[in-house]
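> Build the full structure now, drawing on both the sequences and the hints.
Protein chains: 2
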Amino acid sequence: MPGAGNGCRARGTAPLGGKPRWGLQFARFNHRGRTRYLRVNSDPQEDTGETHAPVPFYVVAGTPAYGALIDADRIVTLHVASTVCRGRDVPVRDRTTDRRWQATPPGDAVEAVIAGGAGMRILVFAGPTALDAVRRYNLFFGGGTLPPRWGLGFWHRTPTRFTADQVVEEAREYRRRGVPCDVIGLEPGWHSAAYPCTFEWDPERFPAPAAFVAALAAEGFRVNLWEHPWVAPRAPLAAEVEPLAGSHTVWGGLAPDITLPAAREAIAAQHDRVHLAAGVAGYKLDECDGSELTRSSWMFPAHATFPSGRDGEELRQVYGLAFQRLTEELFRRRDRRTYGLVRASGPAAAPLPYVLYTDLYDHRRYVRALCGASVSGLLFCPEVRSARDGEDWLRRVQAVCFAPLAMLDAWSSGTKPWSFPEVADAVRQAIALRMRLLPYLYTAFARYHLDGTPPVRAMALCGDGAAPLALADDQFLVGEDLLVAPVFAGERERTVLLPAGTWHDFQTGEAFAGGGEVLVRTEMERIPVFARAGAVIPLMPDLAHAPHAGDTVPLEVLHFGQCPGRFALYDDDGETYAYERGAWRWLDFRVELALDGSRTGTADPRCAEVGPGLAYGPVTWRWMG
Amino acid sequence: MPGAGNGCRARGTAPLGGKPRWGLQFARFNHRGRTRYLRVNSDPQEDTGETHAPVPFYVVAGTPAYGALIDADRIVTLHVASTVCRGRDVPVRDRTTDRRWQATPPGDAVEAVIAGGAGMRILVFAGPTALDAVRRYNLFFGGGTLPPRWGLGFWHRTPTRFTADQVVEEAREYRRRGVPCDVIGLEPGWHSAAYPCTFEWDPERFPAPAAFVAALAAEGFRVNLWEHPWVAPRAPLAAEVEPLAGSHTVWGGLAPDITLPAAREAIAAQHDRVHLAAGVAGYKLDECDGSELTRSSWMFPAHATFPSGRDGEELRQVYGLAFQRLTEELFRRRDRRTYGLVRASGPAAAPLPYVLYTDLYDHRRYVRALCGASVSGLLFCPEVRSARDGEDWLRRVQAVCFAPLAMLDAWSSGTKPWSFPEVADAVRQAIALRMRLLPYLYTAFARYHLDGTPPVRAMALCGDGAAPLALADDQFLVGEDLLVAPVFAGERERTVLLPAGTWHDFQTGEAFAGGGEVLVRTEMERIPVFARAGAVIPLMPDLAHAPHAGDTVPLEVLHFGQCPGRFALYDDDGETYAYERGAWRWLDFRVELALDGSRTGTADPRCAEVGPGLAYGPVTWRWMG
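Chains as they are written, first to last, in the working numbering: chain A, 1 to 625; chain B, 626 to 1250.
Watch out, some of these pointers could steer you wrong.
Taking beta-carbon pairs under 7 Å as the criterion, some of the chain A residues facing chain B (in silico) [stated by the list, open to error]:
hint, residue
1, R34
2, T35
3, H79
4, T83
5, V84
6, T96
7, A103
8, G189
9, A193
10, T249
11, G252
12, T294
13, W621
14, R622
15, W623
16, G625
Just so you have them, the derived chain A footprint on chain B, three or more residues with Cβ under 8 Å [said to hold, decoys possible]:
hint, stretch
17, 812 to 825
18, 873 to 883
19, 918 to 931
Keep in mind that the hints were calculated from the coordinates and are not lab data. Glycine included, every Cβ here is placed at the ideal spot set by N, Cα and C.
Have a look at this one:
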């Protein structure tokens, strides 16, 4: 039998104990029985494995669980129990007479292949739980990102053709209406030309960029700039990039070989001079994923050549990651943290201050992506852009306010939080709740940084990873103690899977027995949120924008249920990298129960001191459930 | 600029003058602006380029037109004006202000890539017309197949669990109801076990195979057997194939390395002994395409290894072709022609006696595939299986009766021609018309064999290849002179694009000016068929089945319009390869017009003689239009 079986041995077949899952995947969460083609590509409608961030990291639930990363700069094809090697003991059935016959034969191994035969490095991350495997994966690459505090406020993107004055006016409307907002994002029209980009301010729409940014800063807004990496021939940057670009153009723009230090430095220098010097706080890095779809084709092809000797396949797989690193470094040099959005990512992305987004706009797929991203060191933003009606609008806003980045992207539709009057109040409340949760969310990100725990994460990363929890893709955990179950427009009730233990309705305190399903009614004004018994959740006021270092912030601390509880609140200056140099602290909040069931809360006595960041006080307590 | 531009030069960029198209493609006919991944794969829902037969042959319409084949055993990726090399003069536009901006930038070249860098051979076929390019392509590989005469009759496939007696009873129902039928196809249940296959008759359902085949033959039926190539471990063939199979199984069955003569011979010997010796007339070769889809996964992977040293990618790309060759050779050894169905094919397939089919069941896609197949040396069968209602059933039957193979596949649904009583008469008429056209269809196939003209072909292979004709994918030509415009259920009228010249309604003779669109009403009973002015169409009676060599067949010859006309009728024995040894003849039918417009038809005086095949007579004439 020459050759028989070699195909498997040469490529490291791994036995498969449980349910593997990974990456930003929209169509499904459990990939058993599927062949996944992990190419970076814009949002295909069909479930092939291609996405904006197809990370070849998978977690196999089981006892113990473990994770495995195929570490490669090339496209990885993963056969997830979708092939069967000879010698495997699989049932052979007669389709004509045996109803147990299956179109997809049940395999028991993962096979991974990289075209070109360059070999692969496989990193295995131990459990014992699925969450442990994910934590180790994130920590191995440096831990999760810690965004600036303002990054966790609410974001708004203005229509693409807006002038500086129109943008400022639209931002002020948030203040007039009392809707919190921290970041204003500009879309392509800020460039003097875009698709491909000049990276220079349009002299008519934005004649005085620094003054424009300063005007917004005076009212507590940061400015985020849209761009993609393809350099317009008329851009001043083009002359420098020209000898450092690939063989093919994108929309007629040069594709810089971003793996070359000289190309990165040229881009960085221009960005620093033209954007950061004007006060810009971050970027939305669009279109670095490429597209080979039914609907459109635009990207250098896999066989494109680049000056570094790399080909188009490699460049496309790493472009989003490299673009994130380049811009993060730019801000790091000025000791300013950034936070932004990106359309392509990959392995080892947890430390990068970027959140993925997509043009697929199905709300259920968005929530599934939010869950799936957490299993592979990614963050996802189910941005709101438009809606069928007020109900759909409200449901989308309610969900995005529990995401790693909460944004309204009105670049095309021009929809505002108050565009549907019948739900405008409820929309404002959802955004206000996000702002109130800011200390809790910031702490969740600190944990992401320090121990690798995704701040927003799938139910599979909770408990023993057994079904049905492990397969839930329409609810998720936020921080240590909150469970969020989004409602989709049209739903009048939904079931929520609660892990073991007692859980409390976040708003009413009503107790629910966990370890199974509960049915909840879904009043329009509320997104179902549950707090674990014993949870201690600090809330700040719904300020217009995130507080600055040195501010004093009052806290209302909620405690749920009849269990003692504790919360360690993370704090630092919220803006610089000083936390990496030790300038941070944890503040302790405890609740104890007396024999008669009465509760006593104790706030860390250092709360009222200004630490490296904020002071907290006064602290009030609220007993829920 | 190290490397810049090399990606293009190394891979043979071809300038692109017109509209390229190719292969069995369901979703579109013109592929400009798309990247096509030409992998053999089951019917994906999304338009990626993958299909059962993704032939990397494309025709560029223009003056002159030409065709190009990328000749490779591996997956070809074709970038059809979907990429733009540097140095190409493409417009660069500002998306913010310029409405002419396009998501897919307009390229002007085809780039072809084969992974693995084995190089490629590109064969270019001259025009001057698109039809000429396709003819040259077909002739280069030996010309189109000439099926046995019975292959062009009507086909029926019986439910998979039927016994021999049930099959015979169902076949007799055709005779009782006067519906022509030539071939009865057996589905998986004839195997003692299937999926994977034993290739042996089930001893309970088919205890006496030769007697069963003889019983059907006595009533004029041929027997076609379903199979796929994956060998059940319990099959007697397994012991021989075991050392000649690949590293992976398919449904637990062995995958023979069909590129090895020893594997082919083992399969051929078993098939000859067990099937052909019992009188079987042909095969339906299923599941040789593999599937890596959202819905299911079953196939050896691309990295599977085979004893020949070839890998799974190569084997999968050529499996359908090799399986066709193997079985054709089997019948050739017995000097019997065969005709059958296959689920995977590729380049150079024109001489193979097989017709493609698929599980995608959208009627429009079926007709588009019928058109698309003709541009790359393929035949396609839009088989009827089930229907929403009587109208849908009738419309599907009417269309399939003009296809290269006309089949009802009742393997699962059990639907019969008479299952919808309200359209049973019209269904019978459609099948009867197919039988009446048999001399005309057989002649069209003779042309396919001798000059490469596809017997059923897209409008693009007619005239100058200019739009809109070149893009029509819902009507087609049959033989030299007929144009068929299928009607889809629900349509009350449709437009038909007529090429230049005068055309006549096939049934009424009504004249229509060509060179543009006509609107036709679509009575249920009729599928719109048009004959070219001057067309001479011989019709035989709607016999129960195709005639045999030595039979005498009367002809009614239709002539359309006020132009002189001529038809050369091909004839041979209809069953053996004697035609390759010169045993064939052409019979001439001519119509001349007198000055008063009266018409005179002259039949070849040799008609009444028994030639190598049939005798024809008496000959009657009918003047249409």
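> Now tell me, hint by hint, if it's right for this structure.
Here is what the structure says about each hint:
{"no.": "1", "hint": "R34", "verdict": "holds, 6 Å"}
{"no.": "2", "hint": "T35", "verdict": "holds, 4 Å"}
{"no.": "3", "hint": "H79", "verdict": "holds, 5 Å"}
{"no.": "4", "hint": "T83", "verdict": "holds, 5 Å"}
{"no.": "5", "hint": "V84", "verdict": "holds, 5 Å"}
{"no.": "6", "hint": "T96", "verdict": "holds, 4 Å"}
{"no.": "7", "hint": "A103", "verdict": "holds, 4 Å"}
{"no.": "8", "hint": "G189", "verdict": "holds, 4 Å"}
{"no.": "9", "hint": "A193", "verdict": "holds, 4 Å"}
{"no.": "10", "hint": "T249", "verdict": "holds, 5 Å"}
{"no.": "11", "hint": "G252", "verdict": "holds, 4 Å"}
{"no.": "12", "hint": "T294", "verdict": "holds, 5 Å"}
{"no.": "13", "hint": "W621", "verdict": "violated, 51 Å"}
{"no.": "14", "hint": "R622", "verdict": "violated, 48 Å"}
{"no.": "15", "hint": "W623", "verdict": "violated, 50 Å"}
{"no.": "16", "hint": "G625", "verdict": "violated, 44 Å"}
{"no.": "17", "hint": "812 to 825", "verdict": "holds (count 7)"}
{"no.": "18", "hint": "873 to 883", "verdict": "holds (count 7)"}
{"no.": "19", "hint": "918 to 931", "verdict": "holds (count 13)"}
Taken one by one, the earlier hints fail for this structure at numbers 13, 14, 15, 16, listed in ascending order.
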